[in-house]
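K.L.:
Given the sequences, and given the hints that come with them, work out the whole structure.
Protein chains in written order, with our numbering: chain W, 721 to 1115; chain F, 755 to 1079; chain C, 658 to 971.
Quick caveat, the hints were computed from the structure, so don't treat them as lab data.
Glycine included, each C-beta is placed from N, C-alpha and C at the ideal position.
Please note that a few of the clues may not be correct.
[What the hints assert, rightly or not] Derived list of chain C stretches under chain F, where covered just means 3 residues or more per stretch with a C-beta under 8 angstroms from a C-beta of chain F: (1) 753-763; (2) 775-786; (3) 800-810; (4) 851-865.
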Amino acid sequence: MASEVKLPRLGQGMESGTVNKWLKSEGDQVAKGEPLFEVDTDKVTQEVESDFDGVLLKIVLSSGEAPVGQTIAWIGQAGEEVAEANVSAPEPKAAEPEPRPVQAKPVEDPMPTSSANGRIKASPLARRLARERGIDLHALQGTGPEGRIVARDVEGAQARPAAPAAPVPSGEVESISLTNIRKTIARRLTAAWQAPVFQLTVSADMSRANDLVAKARELSPDVRVTVTDVLAKVCAQALMRHRDVNVQYSDDALLRFPTANVGIAVAAPQGLVVPVLRSVERQSLAEVAAARGEVVSKARDNKLTTQDLEDGTFTISNLGMFGVEQFVAVINPPQAAILAVGATVDAPVARDGQVVVRPMLTMTLTVDHRAVDGAAGADFLRTVKQFVEDPALAL
Amino acid sequence: MPEVTYREAVRDALGAAMRSDDRVFIMGEDIAEMGGSMGVTQGLLDEFGPERVRNTPISEMAIVGAGIGAAMAGMRPVVEIMYEDFLTLSLEQIVNQAAKHRYMSGGQLTVPLTIRTQGGAGWSPGAQHAQQLEAWLVHIPGLKVAYPSTPEDVRGLLWTAIYDDNPVVLFEHRLLYPVKGEVPDELEPIPFGKARVVREGTDVTVIAIGPLVHRALDAANQAEAEGISVEIVDPRTLQPLDEDTLVESVKKTNRAVVAHEAVTRMGFGAEVTAVLQHRAFDWLDAPIERVGAKFAPLAFAPVMEQYVVPHAGDVLAAIKRTVGK
Amino acid sequence: MGEDTLREFLRDMLLIRRFEEKVEERFRAGDLPGFLHVAIGQEAVAVGVSHAMEDDDIFASTHRAHGHTLARGTHPNAVMAELYGKVEGCSHGYGGSMHLYDIERGNYGANAVIGGGLPAVTGAGLAFKMRNEPRVAVAFFGDGATNIGTFHESLNLAQLWQTKTLFVCENNHWAESTPGWQHSPVWDDMSKRALAFDMHSLKVDGQDVEAVYAAAQEALDHARSGRGPVFLDVETYRMHGHYIGDPQVYRSKEDRQDAADHDPIVRLRERLGLSDEEFDELDRQAHETVDAALAFAQNGTDPAPEDALKNVYA
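P.N.:
So this is what it looks like as structure tokens:
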């Protein structure tokens, strides 16, 4: 009896995935654990391994989107017949991962205008108006029956003050279809925008941190320690000291986490991803650097797994390498705080009544005010500054 | 302008045509001394005599078929099928013969026959005396189909039907006969394929035929009190269909309701809906709503009959759905 | 009846016979599309009645219409071209074998629905009566049609209104594959059908063209003069199957032989006492005409596909 290969649920909240390509062809011998196909979820592109030994008898879905649990292929004995009737309906419960008590339910902002599969519900007229006026329907809330975006919603969007139109260079507008990751980024950041946040900015003297980085590189030449690693480490330590910042807001409870899982925002080719370094407070700087190096290169190679992206409690976004001195990051829901890190620049500062030049780093913390009060956030940031200026305190 | 009933308007057109043209004559069951089961042909026997106002046996096939033969032989007969339920008996003659002689002969023949019939619920006649079957005939190439809703329209369209060189089935509605309306002093033919904008509005277009034109007017007045501006368009002839006027109206209002007393499923409204979604797709701001009878035969018990057929309230509810209220 | 007239009848009957034999041949060869029915054995009915009709009379035929159409004078070229679906056909390719029309020669249509044309012939006869015109509308139909509603409704209405109509019942004793005795209680005397409507009826041997002609003339005079419609009960034989290719599994050898023994052409030839040479010469002419018709049809013009959308409405 042939076995059904079903589209697996690769993470909580995953309702559907898009089969990108098959790594085996029909008729190929497949071993259990061998990479079988590639799935594009709303978070990552991931290789999925075979659960069965046998011959790939039939590929039901060669590419395209399918709900979790849908049969997408059959594996069995060579020559075995696969009846069409065997193509079973999805069983959404089948691939549910085991419960994780500490895992917060992702607070997905309900989007009345789009259904579960991300399709926007809009009238033909609304679509035409949006097309003609260059309005993104994703950004609109439908007020029609069943949350449908209707013409008045598009017209309302038009009425809002728009950004001054940039001069349009001549040539065709290129339309790039949205990847699942791009859609997810858009949806999550739009949701983030609806959270009430506040920002706090401090500058830190990086003299000692830079010394530490130099020393660490000497000690562990095969692991390239960076300022980001130092920041991840000190933030984790600060979070353990300020547990009221290592939290998430949900509708029915405030979730406080026992460990600091620090996400690092990475500009990967496919878009922004945030792989997570786990329990950073328990790791040495070299261990942090090694783990960070691994996930970043996986991100650049589009090889991150769902597990690499889950369970973050805090995020660091560093644009220092681009020469950005200071910026404000958008929180990464459902996390409550994100630290935006600029470039270290030599700046005149006053020390003991003297103006001296020091390597200074400006950091801006964006905080979900529903979860964290201003003073708590400020206290946390003060600790981060202390630790950065004197890393020994954090060790 | 004089005010006449729908019934008088039909009679007026028949009388005027027979008065001016020897080729025109009428036949049907009980149309002579009795004046028709709905009283439409009262008085015509006295004026035109039994040769031209012919009472027939109960023979729907022969009534229509004799009309076909007389029409092919140069007359312009108007035959009456007492109830459109009985039209089913003559469908072979209408569908296979009247609709196809011109075609099968390669254009040698014409069949200038007019078939008048009536139906409609609202008086508890039961399942075999009140059906609305206009959609069946719109499906047949070679036939023209009219369904006038007012005295002026029925007078003008019946005249046009008599002088059309094709077989025309003209539907009247039982409850419309006493409805009064102004008509021009002189009989004015109304061309086929010209819809009438019954009422102008800006928020939603109701495309209604027969009695639903009047029920839509009631609904529109109620909607207006709630701030919804309703346009009503009556196609008047279902084949040919004035698609342009319907599409133009919907492009203006961006919403549409189609309404008839016939069963919704596969009703004429389904065709109109298809036309609108195709020609006005990018102008639609809401799904097109359909109003028609529920999918059941017409029961005798008045409460059941009334439950099945559509009323002004159904049109109003559909209007509100399109605007999301 | 003069010999010249009878020779003319024979010429027409031979033309119809050879025409239908050729149609059978071309159909079997896969040359002809559609659904075809021949009336081999019934030529005397078509020729006898048609010759009795006046130029202004009209008629409606059945699915077995080649004979009626040819007998009324439609050119064999136009009939064969119609069977080939050509523009030059008598229905310009819109009708086919079962829907031969020729309005100029009073052919108001061959009808493929049994009994489908009877009400129209009644109505046309009504029009002639209402306008006091000396014209008659003639309906050809078979014994099988006497069981359908249109037959009864039409005869009733025609008699009631005294329309100028002639009902020609070609009783070949077969309704497709069903023998008369299985489909009608009066199968061996169809004139009894007319009794129910109090309609004047005549009975005639359909294999005797002279008799058919005489009876049709009497019937047409009756109807033309306003004395009411007539039911002409014609006993005849269908020598072949219901349709071309019909294996006639339902029919005994004896019955087929009986039909063959009643060939109206043989009978007329004997009546005229023709020598083999004389007959062969007439037959050769018929073959020649049919061969010419076939060549004409095969070289005819195909309609443009989009012409299918013409003639739907006047």
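K.L.:
Hint by hint, note whether the structure agrees.
P.N.:
Status of each hint after checking the structure:
no. : hint    : in the structure
1   : 753-763 : holds (count 4)
2   : 775-786 : holds (count 11)
3   : 800-810 : holds (count 3)
4   : 851-865 : violated (count 0)
Going down the numbered hints, you'll see the structure goes against just number 4.
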